[in-house]
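Those sequence lines, one after another, are chains P and C.
According to this note's numbering, the residues represented by the first sequence are 2 to 401, in order.
According to this note's numbering, the residues represented by the second sequence are 736 to 1114, in order.
Worth double-checking, as some hints may not be accurate.
[Stated by the list, open to error] DEER-style ranges, computed between Cβ atoms:
1) P/E87 with C/S862: 31 to 41 angstroms
2) P/K102 with C/S862: 16 to 26 angstroms
3) C/E893 with P/V392: 31 to 41 angstroms
4) C/E867 with P/D147: 13 to 23 angstroms
5) C/Q996 with P/K232: 26 to 36 angstroms
[Stated by the list, open to error] Restricting the straight-line Cα-Cα distance to at most 30 angstroms, the calculated cross-link-like pairs of lysine-lysine (DSSO-like) are:
6) P/K99 with C/K904
7) P/K321 with P/K356
8) C/K992 with P/K390
9) P/K99 with C/K1047
10) P/K246 with P/K199
11) P/K386 with P/K235
12) C/K992 with C/K1047
13) C/K778 with P/K246
14) P/K232 with C/K1047
15) C/K778 with P/K380
16) P/K232 with C/K1110
17) C/K900 with P/K98
18) C/K904 with P/K390
19) C/K900 with P/K107
20) P/K111 with P/K238
21) C/K921 with P/K68
22) C/K748 with C/K900
23) C/K992 with C/K921
24) C/K748 with P/K43
Keep in mind that the hints were calculated from the coordinates and are not lab data.
Values in this document were obtained by computation on a predicted structure and should not be read as measured data.
From the three backbone atoms N, C-alpha and C, an ideal C-beta is built for every residue, glycine too.
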Amino acid sequence: MNYDHILIRYGEMALKGKNIKQFIIKLQENIHQKIKHFEGVKVIRTQGRMFVLLNGNEPEPIIEKLKNVFGIHSLSLAIRVENSEEQIKEGALYALKKEEKAKTFKVTVKRITKDFPIPSQQMNQILGGHLLTNTDGITVNVHEPDVEVRVEIRKEATYITSGSIRCRGGLPVGTSGKSLLLLSGGIDSPVAGFLAMKRGVQLEAIHFHSPPFTSERAKQKVLDLTQTLTKYGKSIKVHIVPFTKLQQEIFREMPNDYAMTIMRRMMFRISERICEQEEILSLTSGENLGQVASQTMQSMHTINEVTNYPIIRPLIAMDKQEVIEISQEIGTYETSIQPYEDCCTIFVPKSPKTKPKREKVNYYESHHDFTPTMEETIKGIETIKITEKTVMDQSFEDLL
Amino acid sequence: MIYLDNSATTQPKEEVIQSFQLASSQFFANPSSIHPLGGRVEKLLFTAKQQVAETLGVRREEIIFTSGGTEGNNTAIKGIALEHEQRGRHIITTEAEHPSIYDTCISLKKLGFRITFLPIDENGLVSVEQVENAIESDTILITMMYVNNEIGTIQPIEAIGNMLKQYPKVFFHVDAVQALGKVPLKLSDSGIDLCTFSGHKIHGLKGTGMLYVEKTTTLFPLMHGGNQEFGVRSGTENVAGAVSFVKALRLVMEQFKQEKQHLIHLNEVLREGLSKLEDIVIHSPSHGAPHIVNFSVLGVKPEVIIHTLSEKDIYISTKSACSSKELDESRILIACGKSHEEAISGLRVSFSYNNTVAEVEQFLKELHTAIEQYKEALG
Chain P
2 MNYDHILIRY GEMALKGKNI KQFIIKLQEN IHQKIKHFEG VKVIRTQGRM FVLLNGNEPE
62 PIIEKLKNVF GIHSLSLAIR VENSEEQIKE GALYALKKEE KAKTFKVTVK RITKDFPIPS
122 QQMNQILGGH LLTNTDGITV NVHEPDVEVR VEIRKEATYI TSGSIRCRGG LPVGTSGKSL
182 LLLSGGIDSP VAGFLAMKRG VQLEAIHFHS PPFTSERAKQ KVLDLTQTLT KYGKSIKVHI
242 VPFTKLQQEI FREMPNDYAM TIMRRMMFRI SERICEQEEI LSLTSGENLG QVASQTMQSM
302 HTINEVTNYP IIRPLIAMDK QEVIEISQEI GTYETSIQPY EDCCTIFVPK SPKTKPKREK
362 VNYYESHHDF TPTMEETIKG IETIKITEKT VMDQSFEDLL
Chain C
736 MIYLDNSATT QPKEEVIQSF QLASSQFFAN PSSIHPLGGR VEKLLFTAKQ QVAETLGVRR
796 EEIIFTSGGT EGNNTAIKGI ALEHEQRGRH IITTEAEHPS IYDTCISLKK LGFRITFLPI
856 DENGLVSVEQ VENAIESDTI LITMMYVNNE IGTIQPIEAI GNMLKQYPKV FFHVDAVQAL
916 GKVPLKLSDS GIDLCTFSGH KIHGLKGTGM LYVEKTTTLF PLMHGGNQEF GVRSGTENVA
976 GAVSFVKALR LVMEQFKQEK QHLIHLNEVL REGLSKLEDI VIHSPSHGAP HIVNFSVLGV
1036 KPEVIIHTLS EKDIYISTKS ACSSKELDES RILIACGKSH EEAISGLRVS FSYNNTVAEV
1096 EQFLKELHTA IEQYKEALG
């Protein structure tokens, strides 16, 4: 006897009404995508649950992958046995013995199918008795047991589990539509992307690149960050915008203290164009209230004027420290802190307006036609698709 | 040539040398330079770490490239001791350690640390209970090898790691230099905080290696400077060395997956052959690592056998190469409770995946001849 299944529990998704099926099918698809390279592994659905059939694979590496799939609330290693009293007894004993440190236990039987002749309550007692007689020094504690042996008697088979591993929850990526993440290379924007994905959003990303002032490494950094994000979802398209000319024009033509505000308005205008092209319905940004000049209430009010797309700002109310902790946990921090300049750190006015006004910006913008440069910029956008599997730089292949 | 001294060093693979050559000539820039050439080299180093992380199932930030086993062990032991001495000054190790652990621990005595050297049994083993019983309130580190370099004993690292999960204040350092690619190794969630590897034992180059440092573990660096390798090992990275190490690691792990039975088979052939010869005592435990067999030929000086075999182009060693210039008895064999005679006459045969059954048979034949000759000469 051996743990040969992983039982997957949905969190919030279970609360969905009629359209729950769509969520479940998406989750199954996403799980399959993450673990398909393990030979023989299968993902199956049954009423209210999902199972991964291990087929001889080690469970740990698969669990590591599943932990990052949004939509899974928790999972447990499970044994599948026939719906017979003897088999269930044997399975329950195996599950308890696997928990070597346990001193107390309880059994919880759930009968999903009433075809099984013994009622749940009675089955609880039978199994409890069986476990007590076949172990030494372990006692029952129904209130705070070290281990809860859970037995689910289903139509097709009985599944027995003990421990449970908490996962990330959220909704399956792809169930909430697409959003375009404004990705800078700093600490905040990847975290914002991660949190949006947690709500079922599928991401594309946009990055503003200002060569030769910013380096290839700044761009690479953004691609690396994107790749880390793919761990939690699917492949992500990154749109790299050649921003230098437009940025220079803004700083040449506009009053210095308003240049940053106008630059950010341009970024939103260009982002909206990508959204139109790619059929994306929202933007996601790492903005956070009060962190820097462009993130004051007045600034956001002024910048937001140029788009009526919803802007998802998952970090809006977070402390910097909270954001750093998430970025460390999801693996983007180390990359984010690499010290390369990006377009937002190179062109910084000496004293940017922290309280810009819409009327003033509109007045300044009306004095210069940015359209030709903006169109040229949009034409020059380079789109790169990043997948979870690293495609190694060809010139490194022989070396490693 | 029949080379059976693979625990001392292995022959570098052609691919590994090429990798070193290519990386040295094409990716020579300093990875810390901010120009694009530097960027390319940094990217290469980054990719190399990514590959190690995937191969060993750890995080990229948990990998520090080093110059090999001795540096790895010193960085780990002194690094923990000096960083965490406020917490305690007691370190536990065993009597079976390689000098780079044993002597490092002794050196810390001068700085006021207390060291417990756990005794080993006749098979070279320490038990989980022994380790647990030795833990005191001020213990900060347990440091030991996974596979013994002289006799191949496999210590119960997994069980010790699991036990130590109950002692979160005690760091656990494992020297896996002789274990890598020969026995199973799990790092993440294993209770192991630090783990040493060396390149030249896995067909890589001398002067290359790696230290695994679990992400929440902090170390006092042996070398301060430009903050390379997360500040744990400053100094311009040996990029070509690191890259060649990663290549060697990948190749040996593939071999381990596919060919581990081969080493076990060679071990069986050798043991069976030795058992047919007279006056031979095998010191290696029967459940040890498959690639190391240590034995004595009673009444024959080990050096004589080594020289006689060398004339036939067959190479084995006495004790470990690192200490074989000392003329005394083997500290490890004495600790296993062997007699003085046995402890000064240990011979070590160590395999790589490249060795063949025919080579082992040839070795056995020549060993037999050498023993006969010696006895005849002595009358």
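- Query: Looking back at the hints listed earlier, which ones does the structure fail to meet?
  - Reply: Numbers 9, 10, 12, 14, 16, 18, 20, 22 and 24 - these are the hints that the structure violates, sorted from lowest upward.
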